[in-house]
Each structure stands twice: as C-alpha cells, then as structure tokens.
Amino acid sequence: MHAMQYEITLPADYDMGIIHKRVAEKGHLLDAHPGLGLKAYLVRERGRDGSPVNQYAPFYLWRTAEGMNSFLWGPGFRGLSADFGRPVVRHWLGAGLSRGTAPTADAPDAPTTAIRRTIRLPETADPAEAVERAVAELPGHPALHTAAVAVDPSRWELLQLVLWRGPAPEDVPGTRYRVLHLSRPELDRLPAGRHW
1 MHAMQYEITL PADYDMGIIH KRVAEKGHLL DAHPGLGLKA YLVRERGRDG SPVNQYAPFY
61 LWRTAEGMNS FLWGPGFRGL SADFGRPVVR HWLGAGLSRG TAPTADAPDA PTTAIRRTIR
121 LPETADPAEA VERAVAELPG HPALHTAAVA VDPSRWELLQ LVLWRGPAPE DVPGTRYRVL
181 HLSRPELDRL PAGRHW
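Numbering-wise, the sequence shown is residues 1 to 196 according to full-length UniProt numbering.
What the hints contain is simulated information worked out from the structure, not anything from laboratory work.
Please note that a few of the clues may not be correct.
As the list claims (entries may be wrong) - Computed Cβ-Cβ distance ranges for the label pairs, DEER-style:
1. P167 x T118: 19 to 27 Å
2. A24 x R120: 30 to 38 Å
3. L93 x S70: 13 to 21 Å
Virtual Cβ for every residue (Gly too), placed ideally from N, Cα, C.
Whole structure, please, built from the sequences with the hints as guidance.
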C-alpha cells in the first residue's frame, strides 16, 4: 500500500463552490481506477472547523504502484496541474490499515470528515516500534470508516489518516477536512492490519 496526498492552497476569498462543482462533476472518474484502494476528495474551508485556509487536498491509498503511476502520468493529474499548477505530491509507504464496522442507518458507508495527523520521529526513536505503536493506536470507534498509517522514511515521519462517518470526534488531534466524495474501487482488496 502507498499513501499519497497533495495540497492546493487557494486564496482566502476563493469561491470553494468551484472545487465542490469540480468534485461533483469529476469525482466519479476514479471510482473504477485500477490499483486504487481509495481516493478521499478532501477540502478545508477558511473559517470552517477552525481552518485558516481554503484548500483542496485529496488523499489516496494505492493498492499498487502501477495504479499510482498511471494516475500521476495520466490525463487526470495532467488536467489538475493545468488548472492549478503542478502541486508537490507527498508519498508515504503503507504500514497499517483498519476498517470500521459495517454501515448502519445511523452511520452510512460514506465518510463525511477526515483527520490527518503527522508525527516526526525523533532520531532516537526506533521506527519499527513507532510504527507498531501507531498501528496499535488506530481508533476503534462506531463512526470509523477507514484508518491508515504510513511512513515517509526520507523525513522519518508517521502519517495517520482517519475517515469518519459523520462528524469527527472533537478529542482526536490533527488537521480536519470535509470529504466531498470517496472513490474506493479496490479498498476491499487492501489487507487490514499491519502490512509492509
């Protein structure tokens, strides 16, 4: 599994309705993309949920490197780069995945919020122990949709992304996003638990 995210920070007075419309019109295009576990179309809107910025920040879990490469070198990313400029793409190696409970009437399957947390590992930290701990600490909550842990070994940074059905719990730290759409063509093929 590979995790990937790019963040497009937009002007403070940007009409975020443009991003909502873009996702509504184009979000389905990756609903069957080979090698893609999931793509969460994430946004932050200035003044909402404590966000100081307007931002479009999609997050991906790739089942295969081939799927990731075909996206990055294909028309979708080319179009995004033409419209907003080519963003810096962050990439992490997958370390763990947890899926929430089955959807219910109170908690439908589509996530509506997400929290991303990054933790820089001190030089003295054992990376394997830190990953084990982060995977063990993945939340178990009735509103959990999907949670992932990944590592950037060039920065020795741990990433935790959690997708929530409904509002994210207030006591969970990290950067908060709204989920506009979820493409999940191969999510069920990503192994849950710890994997490398």
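Hint check:
A hinted range of 19 to 27 Å holds for the C-beta pair P167 and T118, which are about 22 Å apart. Between A24 and R120 the Cβ separation comes to about 36 Å, which falls inside the hinted range of 30 to 38 Å. Between L93 and S70, the C-beta spacing of about 19 Å keeps the proposed range 13 to 21 Å intact.
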